[in-house]
Structure formats: structure tokens, C-alpha cells
Amino acid sequence: MRFINLLFFLFFISVLQAKQIEVCESCAIKSIKDAIEIAEKGDEILIKTGLYKEHDIIVSKSVVIIGEKGVILDGEGVGGIFTFEADNFTIKNVKIINVGSSYTVDYAAIKVVKAQNFIIENCTFESVFFGILIEKSKKGIIRNNKISSNRASEASSGNGIHIWDGDKMEVYNNELFGLRDGIYFEFVKNSFVYNNLSTNNIRYGLHFMFSNKNEYHHNEFRNNGAGVAVMFSKYISMHHNKFRLNWGSASYGLLLKEIYDAEIYNNLFEENTIGINGEGCTRINYKNNSFLRNGWAIKIAGACYANIFTNNDFMHNSLDLAYNSKLNDNKFDNNYWSEYTGYDLDKNGIGDIPYRPVKLFSYIVNQTPEALVLLRSLFVDIINFSEKVSPVFTPDDLLDENPKMKRINDSI
Amino acid sequence: MIQFKNLHKRFGKLVVLDGLDLNIKKGGIFAVLGPNGSGKTTLIKCLLGMVIPQKGDIFYNDKSVLKKWNYRNELNYLPQIANFPPNLSVLELIQMVKNLRPKESNEQELIDLFGLNDSLNKKLGNLSGGTKQKVNLVLTFMFDSNLIILDEPTTGLDPISLIHLKELIQKEKAKGKTILITTHIMSFVNEVADEIVFILDGKIYFKGTIGELKKQTNNNDLEHAIANLISKQYA
Amino acid sequence: MLKILKYSFYDLMRSRWSYVYFLFYLLLGFVLLFLNNDVNKAVITLMNIIIVLTPLIGTIFGVMYYYNSKEFTELLLAQPINRSKIFMGQYLGISISLTLSLVLGLGIPFVLYGLFKSTAIFNFSLLLVVGSFLNFIFVALSYNIALSTENKIKGFGYAILMWLFLAVIYDGIFLISLVMFNEYPLDKFSLVATMFNPIDLSRILILLKLDISALLGYTGAVFRKFFGTNLGMVLSMLILVFWVLIPIVRMNFKLRKKDF
Numbered sequence: 007m008r009f010i011n012l013l014f015f016l017f018f019i020s021v022l023q024a025k026q027i028e029v030c031e032s033c034a035i036k037s038i039k040d041a042i043e044i045a046e047k048g049d050e051i052l053i054k055t056g057l058y059k060e061h062d063i064i065v066s067k068s069v070v071i072i073g074e075k076g077v078i079l080d081g082e083g084v085g086g087i088f089t090f091e092a093d094n095f096t097i098k099n100v101k102i103i104n105v106g107s108s109y110t111v112d113y114a115a116i117k118v119v120k121a122q123n124f125i126i127e128n129c130t131f132e133s134v135f136f137g138i139l140i141e142k143s144k145k146g147i148i149r150n151n152k153i154s155s156n157r158a159s160e161a162s163s164g165n166g167i168h169i170w171d172g173d174k175m176e177v178y179n180n181e182l183f184g185l186r187d188g189i190y191f192e193f194v195k196n197s198f199v200y201n202n203l204s205t206n207n208i209r210y211g212l213h214f215m216f217s218n219k220n221e222y223h224h225n226e227f228r229n230n231g232a233g234v235a236v237m238f239s240k241y242i243s244m245h246h247n248k249f250r251l252n253w254g255s256a257s258y259g260l261l262l263k264e265i266y267d268a269e270i271y272n273n274l275f276e277e278n279t280i281g282i283n284g285e286g287c288t289r290i291n292y293k294n295n296s297f298l299r300n301g302w303a304i305k306i307a308g309a310c311y312a313n314i315f316t317n318n319d320f321m322h323n324s325l326d327l328a329y330n331s332k333l334n335d336n337k338f339d340n341n342y343w344s345e346y347t348g349y350d351l352d353k354n355g356i357g358d359i360p361y362r363p364v365k366l367f368s369y370i371v372n373q374t375p376e377a378l379v380l381l382r383s384l385f386v387d388i389i390n391f392s393e394k395v396s397p398v399f400t401p402d403d404l405l406d407e408n409p410k411m412k413r414i415n416d417s418i
Numbered sequence: 007m008i009q010f011k012n013l014h015k016r017f018g019k020l021v022v023l024d025g026l027d028l029n030i031k032k033g034g035i036f037a038v039l040g041p042n043g044s045g046k047t048t049l050i051k052c053l054l055g056m057v058i059p060q061k062g063d064i065f066y067n068d069k070s071v072l073k074k075w076n077y078r079n080e081l082n083y084l085p086q087i088a089n090f091p092p093n094l095s096v097l098e099l100i101q102m103v104k105n106l107r108p109k110e111s112n113e114q115e116l117i118d119l120f121g122l123n124d125s126l127n128k129k130l131g132n133l134s135g136g137t138k139q140k141v142n143l144v145l146t147f148m149f150d151s152n153l154i155i156l157d158e159p160t161t162g163l164d165p166i167s168l169i170h171l172k173e174l175i176q177k178e179k180a181k182g183k184t185i186l187i188t189t190h191i192m193s194f195v196n197e198v199a200d201e202i203v204f205i206l207d208g209k210i211y212f213k214g215t216i217g218e219l220k221k222q223t224n225n226n227d228l229e230h231a232i233a234n235l236i237s238k239q240y241a
Numbered sequence: 002m003l004k005i006l007k008y009s010f011y012d013l014m015r016s017r018w019s020y021v022y023f024l025f026y027l028l029l030g031f032v033l034l035f036l037n038n039d040v041n042k043a044v045i046t047l048m049n050i051i052i053v054l055t056p057l058i059g060t061i062f063g064v065m066y067y068y069n070s071k072e073f074t075e076l077l078l079a080q081p082i083n084r085s086k087i088f089m090g091q092y093l094g095i096s097i098s099l100t101l102s103l104v105l106g107l108g109i110p111f112v113l114y115g116l117f118k119s120t121a122i123f124n125f126s127l128l129l130v131v132g133s134f135l136n137f138i139f140v141a142l143s144y145n146i147a148l149s150t151e152n153k154i155k156g157f158g159y160a161i162l163m164w165l166f167l168a169v170i171y172d173g174i175f176l177i178s179l180v181m182f183n184e185y186p187l188d189k190f191s192l193v194a195t196m197f198n199p200i201d202l203s204r205i206l207i208l209l210k211l212d213i214s215a216l217l218g219y220t221g222a223v224f225r226k227f228f229g230t231n232l233g234m235v236l237s238m239l240i241l242v243f244w245v246l247i248p249i250v251r252m253n254f255k256l257r258k259k260d261f
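Chains A, B and C, in that order, give the protein sequences. According to our numbering, the residues represented by the first sequence are 7 to 418, in order. According to our numbering, the residues represented by the second sequence are 7 to 241, in order. According to our numbering, the residues represented by the third sequence are 2 to 261, in order.
Hints should not be assumed to be uniformly reliable.
Label-pair restraints from in silico Cβ distances [as the list claims (entries may be wrong)]:
1) Lys155(C) with Asp358(A): 40 to 48 Å
2) Glu151(C) with Ser134(B): 25 to 33 Å
3) Asp350(A) with Leu256(C): 53 to 61 Å
4) Lys32(B) with Glu151(C): 34 to 42 Å
5) Asp358(A) with Lys71(C): 50 to 58 Å
6) Asp150(B) with Leu256(C): 25 to 33 Å
7) Leu236(C) with Glu285(A): 31 to 39 Å
8) Ser331(A) with Tyr185(C): 24 to 32 Å
Hints are computed from structural coordinates only; laboratory data are not their basis. None of these values were measured; they are calculated from a predicted model. Virtual Cβ for every residue (Gly too), placed ideally from N, Cα, C.
Looking at chain A on its own, in the form it has when it is part of the complex:
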């Protein structure tokens, strides 16, 4: 009797100290769903190596789910896999494949609803609809995951990391490709996105909507359908990112729409159709960015006020700047322009005559896009020159008074 009491006692102790539940084909518990069923708050579920065909696993307890090397969860294209509805959970080292597609339900490999303090790490998601879908949550960490998909069209694909209504989230060291948007933030604030690699996504590598006071840095966005979009947001800090090779008629390195008070610095924009496309941007500081070989380094589409561009490198872009109006309320100063042909007689590193970044040709191309085939023609050089001498079509106060003679941001 005593012995039995002791057993009970030990049992309760172990429950209080959190127990480990093993799941495998030859274990007592063969499915993850069963493991979750019997698990209690703080338990650790260890999924042993093997293939598990499960979906719609609902986790409403604060547990830790760990996969052994080689664990695969196959959703068989039916629906979502995990749904967490609890605080303080962790999931790591799990590989999830084949999440079902739907036009009405957002199936995800991992869905998180109304949670706080959670960690999703070291997971691999392949052929997903949504990868990680987080709603109304706070203080989550999403790191070291690899999310990919292979859906063909924008409508039939989902986002890699999708956060709707979040606060204090951290997304870092993730790799995302073949999705609709690599990372999507809507109504998210005070969050950080860094060291992620987002490539070959159908729409945006990163997409912010109505998300204020966020910071993203040291990410690389490459070859995405339309680049990176930051829309209807305030106080965003974007720095040390690389925006590369976003080609297409509606492709940008960075699309800014209705953005206020942002800081954009030390980024690299390389070989994009448009480096930065700004519509309705106000009070934005662009500092120490490099624009290399873009079609247009910067396109200002309208209603952009009090933007300041300083110490940026504009190198070998087909066109440095496109403006669609004669009005200018933005300031360019101390930038390096590879097309600058002036001289520096007083050797202070600053050209003695101002540089005029908007060419007549870029104005013409705005009106008649087909004229692009005449890029770099001698005739175009001649009319650009005459416009430079006496501006008629382009804003005559749009000048860089202090163009630098040498490249500024060599290290990027």
C-alpha cells in the first residue's frame, strides 16, 4: 500500500515537473493527436523519427513539441496541420509537408490564435498553403525556419509567415521561397524582422499593411514577383537589407505606399526594374543606400513630400529618377551619381556644379513607355542635354547641389 502511495506521489511529482511523452510507431502513443490529448500543461512531446499522416491537430495546452531528426508530418493536402490556441508553447525540429489549399479557409502548417510567448523554430515546411499563420498574438518568436511552396498562381497560394494583429513579434533567420508573400504583416506593431532570406515568391518578399513601428533589417529579398511592399504604415525602420533582381512591369525593390516617418538606410537595391517606387510618402529619410544597375533607381509617383535623400550611391541605373509632376518637395543632397559629369576643382570631394537627376527622357518614358527602346540613343542624349541646360518639362528646382565625386557606401 505504501508502495502504491509512493508511486502515486512520484506520478504527481513528475506531472508537476512536466513529463515527456514519446510518439512513435512502436510506442504506446502512436499519434501526435493522442499525445496532445493526454499531455498536460508544460509537458514535452517528443516525436520520434517517422512519417505521420495527420492534420487538424488542435493544441490548446502549453506544451513543447519537439521532433527528432527525420520527423515528417504529411497533411496529404487535406487541411491545416497544427492549430495552437494556448500561451507559452514551443514547437521545433518538425518537418511539415503537403498542407491543403482552399479558397475559403486559410489552411496553415502552423496556425496560432490568441497566443503569447511562443517559439516556432528549426522547422521545415514544404508545399504549404500558408506556412505560419498567426492571429491576435503577442511576443512570439519565429526563427530558423525554412518555408517553401510550389503553388502556381497568386490566388491558389498562401503566405510564408502571415501575422494578422500582432505585437512584439520577432521573425529572424528564416528562409522563404515559392510562396505568395514571403512574410506578411497586417496590423502588427513593435516587431522585428531580420536576417531572413525571401526569394522567388509569387508576389512580395515582404509585405507590410497597416503595421506601425516595426523594424526590418539585414534581410535579403531576391527575385520576387513584385519585390517588397510597405503600405499604409508609420514609423518603419528599414536598414541593411538587400533588394535584388526584382524584374517585371509591376516590380520594385521596394514599394512604398502611404508611408509616413520612415527611415531607410544602408540598403542595397541592385538590378530591380524600379529600386524604390514611392506613392504618397512623407517625411522619409533615405540615407547611405546603394542603387546599382536598376531600371529606375527611384520613381516618385506623386504626393511625396519632405523626403530627404542624402549620401546615397546611384550607380549605373538606366534612369536615376522618375518624377511624374513638375512639383518637387523632396531634397537630394550629397549623393553620389555615377552619371555626374561635373568637376571638382577645389578638391573637396564635392562636384562644383549641381547634378540634375531627372532627365527629360525619363519624363518622356513616363508619358510614352514604348520610348524606352530609345534609351541611350544619341538623340536622347542630345535632348537630355538641352533639357539640362534649360529645364522645361522637369522640375527645375530638383537638384543635388552637392554631388559627391566618389562612391560613398563602398562596403555594401
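With the hints as your guide, set chains B and C onto chain A.
Below, chains B and C without anything else, positioned relative to chain A:
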């Protein structure tokens, strides 16, 4: 040896050869004469294939020459103006022309004759007009052909070279060759020509020996005889 | 033909102008690379120079050579060779010697600079290929003009006019018509209009490498197909070949009836 049959050539509205017929037999020196613009050069250029007649035919050794080029291996031509690629040396030029003709040549003999040995390695652009003309003569006479066509051969030659030229012509004639010469120097004609072909308004106006010409025009001086021919026409 | 080519080539390679031309490119290459230290910028500047200058030099050399060697050509015409061989030999002699000046003049500084290690090697080789094409095209065009014009001064004038037209005026008319017919779909028109000017065509070939990101910014389907795939490259090259062949054919045709 050469037959021109009913040759017509117009440059635009200007009729240069107007149904010209001419037979030139083998052997002897023929001077083709006529006032400026009478069609001498055009006639020769037709024979050389440089000018293409609108109508008529030309036979050389009984074969039509129109649209052919092989026959030109059997004739030598001295062009009127000697102008050569300025950056080639004399030797290279001779080499080049030899290259173009698969035929024996005796250029060294001629080079000695005209005293060109010192100029062989000079660039053609640096030579005087007279020296160029000598090079021109070497190029023409170095091949052994039955027909030799000389267009104003005396231009720019010094007296000694002129004597050499006359000797050359006589030598070739002695070999039984046919030589066609156009020139304005009547003394030269008087000296070398066996027969005169006089062209006027695109037709052969006179063909015969100098003696016959003098007889026909009742004039003992060749120059006057020619002048007489022309003035009669326009009288 | 090869014999004529050989001697024309010798003659031209020793001419002062070939040296000047060669030295010009040599100097240009060195200045662009060693004073600038930016291969990409050098390639862009070179493109601007090559698509304007090679046609001009090709045109001038072509007409000059034709008229200057007129008498010698007559001597050649009296030799037992086919007419077209004489002219093709001369034509190739000029084109090849000009191309050699271009390729060596620019190639030497670039090789010394260490181009083979640079990623710009492809862009640079494309520039040389395009420059060579332009040489062959414009020498052929100028030979055509010279063959059709007896008067030396007139011939020279026409040739320069042709260059001016293709290098500047054509693009002016092109641009104005694009702006005027703004409301219509113009992508096909603009591509076709490009094909009819070898300078534009060469420019497009280089743009395909240097400015592809900008070119893909246009929405037209024809544009996208042309610039987005290898079609543009292949088609442009092919038409450049036609731009060489057609003047050559017309040259030979003209020769058959030409009096000298």
C-alpha cells in the same frame, strides 16, 4: 583579232558610242584618235569589260567578251592615271599583280630598264608622278600577251623613259603583237602608229594608215590632217 | 578575292589613319579603365562611343578608300578577275582592318586591366561584337553610296548624311512619332522601327545586357517576349547579319551594271 559589232553606249542622255563597228587585225600598232569626249576611252573600256555597252557585241579571238573576265589574261592594259595604294611598296604591288595573273612575267628586265631598282622598297604614296608612271609601265609590259592597250602612255615620262617606251612598243610589235594606243601627242602617233582609227560622235570616222589619212585630207602634216578631219565634219 | 583582300588589308593596316584609330581606342580604353576604375561605367561609356563612332569611321573609311583607290581599281578591273571579287576583297579588307583596330585597341587595355577575371567580360565582348558588326555594315553601306555616286564630294556628303540620319535623325523622328501616336499600342511599331536601323539594333542588343531591368518594366506582351526571353538576342543578331548581307548583295547587283 578584235571585232566591235554595232556597239551602243549611252551615259544618261549622252550618246557616246552610236552603233560603232570596228575590226582590228592581228599585229601592228593602232592609234585610236578623236577629240575629247568622242568615245575613245569608252571604246577601250568596253573592250576591257569596265564599261558595259547597251547594245552590240565585242569579240576577242572570235569569242564574245561581254560578262567574261578570263580573256583579260590575254591582254595588258596601261591605265591613264597611275594611282596606287599609297602604303604598299613597289615590290609588293608588282607581287600583287603577278599574284592576280597566273602567267610568266619578266619584271626584273623592265625594272632595270626604267631604273626602278632603288625605288623597289619605297611606298607608292611617296613616289613622284613620273616614277609612278614607270611602275605603271612595268606592270603593263611585264606579261607576255598578244594584245597591249595603252591609254595615254606618255604622261609624265622623262625623255629617256619615253625613248625606252618607244623601244618597248617596237619590240612588242616585232613579236607580232597588237598594240592599241590612245594619245593626244601627234608626234608620238606619227612615230609609232601603223594605223589610225579616228572616232567621232561615237562612230569610226576614219580607219587606215597615216599615209592614207594624209592623202585623203590632202595634208602632209598629221596634226593638220586630223584637224582637217574634225573641221570637215562640223563644216 | 583573298589576294585583293590581303593587299587592301596590308595597305590599310599601314596607313596612318588605322594607327590613329587604333591609338584612339587604346587611349580610350586605358583612360576609361585606369582613371575610372569602374568596369561597368567603362562599358557604358564605351557603348555610347562605339554605337556612334564606329559607324562614322566605317562610313568615312569606306567612301574615302573607294574614291582614293578608284584608279587602282581600274587597273585591277583590267586584270583577269571577276569584278565582284575585286570589290568584295576591298570591302573585306577595310572592314577587317577597322575591326582589328577596334578589337585590339580596346582589347589590350581591358586584358591588361584583368578583364578575364571580371564579370563584365560578357558585356564587353558583346560590345566588340556589335562594334564589328557596325563596321561591316557601315563600310558596306558607304561602298554602296560610293558605287552609286560618281562625284566624290557628293558621295562623301551622302555618306555623312546617311550616318547622321541613322545615328541621330532617325531616332528623333522615331521618338516624335512615338509621342504623337501615344494613344495607340506602339510596342510592335517600336520594335520594328528599331530593326530598320542598324545603330538602334546594336543599341538594343547592348541594352538587353545593360538595362534589362528597365526594359522589363514595360507591360506590352510583345516587349516582354522580345526582351524577356532569348528571342530578342537571337532576332537582333540575325537581323544584324541581314544588315551586312543586304548591302553586300545590292553592291554585287550594282556592280554588274556599273561602268567605270
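Going through the hints against the structure:
{"no.": "1", "hint": "Lys155(C) with Asp358(A): 40 to 48 Å", "result": "47 Å, holds"}
{"no.": "2", "hint": "Glu151(C) with Ser134(B): 25 to 33 Å", "result": "28 Å, holds"}
{"no.": "3", "hint": "Asp350(A) with Leu256(C): 53 to 61 Å", "result": "57 Å, holds"}
{"no.": "4", "hint": "Lys32(B) with Glu151(C): 34 to 42 Å", "result": "36 Å, holds"}
{"no.": "5", "hint": "Asp358(A) with Lys71(C): 50 to 58 Å", "result": "53 Å, holds"}
{"no.": "6", "hint": "Asp150(B) with Leu256(C): 25 to 33 Å", "result": "30 Å, holds"}
{"no.": "7", "hint": "Leu236(C) with Glu285(A): 31 to 39 Å", "result": "36 Å, holds"}
{"no.": "8", "hint": "Ser331(A) with Tyr185(C): 24 to 32 Å", "result": "25 Å, holds"}
Violated hints: none; the structure is consistent with every hint.
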